[in-house]
Amino acid sequence: MKPSYLSILMTFVIILSACNKKEDSDQGNGIKATTVLTSSSLTKNGLYNHGVLDSVPIYPTNINGQALSLLFATASEQDEGLVFFGDGRPDIAPGNATFYPFDFANQLAVLSNINLKPNYVGGLVQHAVSMFGYIDIYMIIDGSNRVIRLALGEYSVGTDTYIRGDVLLQDMATGEFRFYDLTNSVFTAARPANPYVIEEIRDFTDPIRPNMVYYPLNIFLNPSISFDATELQTATSVYVRIDFFVENFVVLQDMSTTTGISDSALINSFDISQNIVGFGNSGLEATVDSLSIN
1 MKPSYLSILM TFVIILSACN KKEDSDQGNG IKATTVLTSS SLTKNGLYNH
51 GVLDSVPIYP TNINGQALSL LFATASEQDE GLVFFGDGRP DIAPGNATFY
101 PFDFANQLAV LSNINLKPNY VGGLVQHAVS MFGYIDIYMI IDGSNRVIRL
151 ALGEYSVGTD TYIRGDVLLQ DMATGEFRFY DLTNSVFTAA RPANPYVIEE
201 IRDFTDPIRP NMVYYPLNIF LNPSISFDAT ELQTATSVYV RIDFFVENFV
251 VLQDMSTTTG ISDSALINSF DISQNIVGFG NSGLEATVDS LSIN
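Those letters in the sequence shown? Residues 1 to 294, per our numbering, in order.
By construction, these hints were calculated from the structure, which means they are not laboratory data.
Ideal placement from N, C-alpha and C gives every residue a C-beta, glycine not left out.
Within a straight-line C-alpha distance of at most 25 Å, the following computed DMTMM-like cross-link-like pairs (lysine to aspartate or glutamate) qualify: (1) LYS32 <-> ASP289; (2) LYS32 <-> ASP228; (3) LYS32 <-> GLU231.
Here are the computed distance ranges between Cβ atoms for each label pair: (4) ASP228 <-> GLY260: 52 to 58 Å; (5) PRO192 <-> PRO94: 21 to 27 Å; (6) ALA173 <-> ASP203: 32 to 38 Å; (7) THR98 <-> ASP254: 33 to 39 Å; (8) GLY123 <-> THR257: 43 to 49 Å; (9) PRO94 <-> ALA190: 21 to 27 Å.
Between the sequences and the hints, there should be enough to build the whole structure, so can you do that?
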């Protein structure tokens with residue numbers, strides 16, 4: 001049985017707070033890490049039936065964007081976890097934190113350093129937590145290509161700034177991502193006063209870190225993996241390749257079909273499964289299909 005929303009959330013925050021204290025972030029042996037995020041579940045037809053009630057599931061053709069961090073949480077340990085890449089304190093990372101481009105289809109490698117905290121014990125890892133500035137989700141809707149951008153934190157692109165929870169739809173003719181103005185029922189390049197947002201992401205609060213900038217995504221590992229602390233303490237490099245299963249990740253809420261769907265209906269129904277079924281069954285699973293420690 002997968003853990004509940006509260007147990008995952010509390011474990012996630014406690015792990016970050018305890019194992020990545022500022023005084024620990026500059027210690028350790030600086031293991032060079034290479035992380036590849038990919039997905040063998042990407043499709044060409046765009047739809048997949050996974051049974052979320054009153055919704056149309058979307059089977060992405062690709063997902064890419066800007067990643068903030070990846071944490072492997074140690075099971076049954078409230079003060080253990082391993083940040084593979086990203087801000088040493090993703091739970092309190094600022095809006096101007098460093099991001100890493102990723103692309104499931106093209107398997108961009110994220111290069112970073114792992115700094116082990118003193119007395120790191122290692123152990124079983126059953127789920128990971130990842131944070132992003134934004135993700136772009138590619139799909140085929142009613143026979144046409146569409147791309148939705150979802151902001152999972154504060155992120156600036158050129159003169160535009162996204163707020164956590166913002167949802168934008170790409171104009172396929174120009175490549176421009178546009179907000180949907182709920183007040184005037186139109187798409188606009190500039191962020192309007194009343195844009196469509198996913199409120200659960202925008203209003204997410206954490207009981208320990210109420211000012212958390214980035215929204216966490218829970219990733220259940222199947223099968224689980226283990227990290228050996230002694231092996232890591234003497235390692236100089238680590239390579240990990242994570243294969244995401246995204247069939248259950250995103251949906252169109254309160255829709256029964258995509259036939260003839262308008263752009264406004266598409267963006268206003270878009271959501272992620274984690275907001276529907278809870279953190280304990282986020283819809284995101286992954287397999288660590290390659291792991292080498294040298």
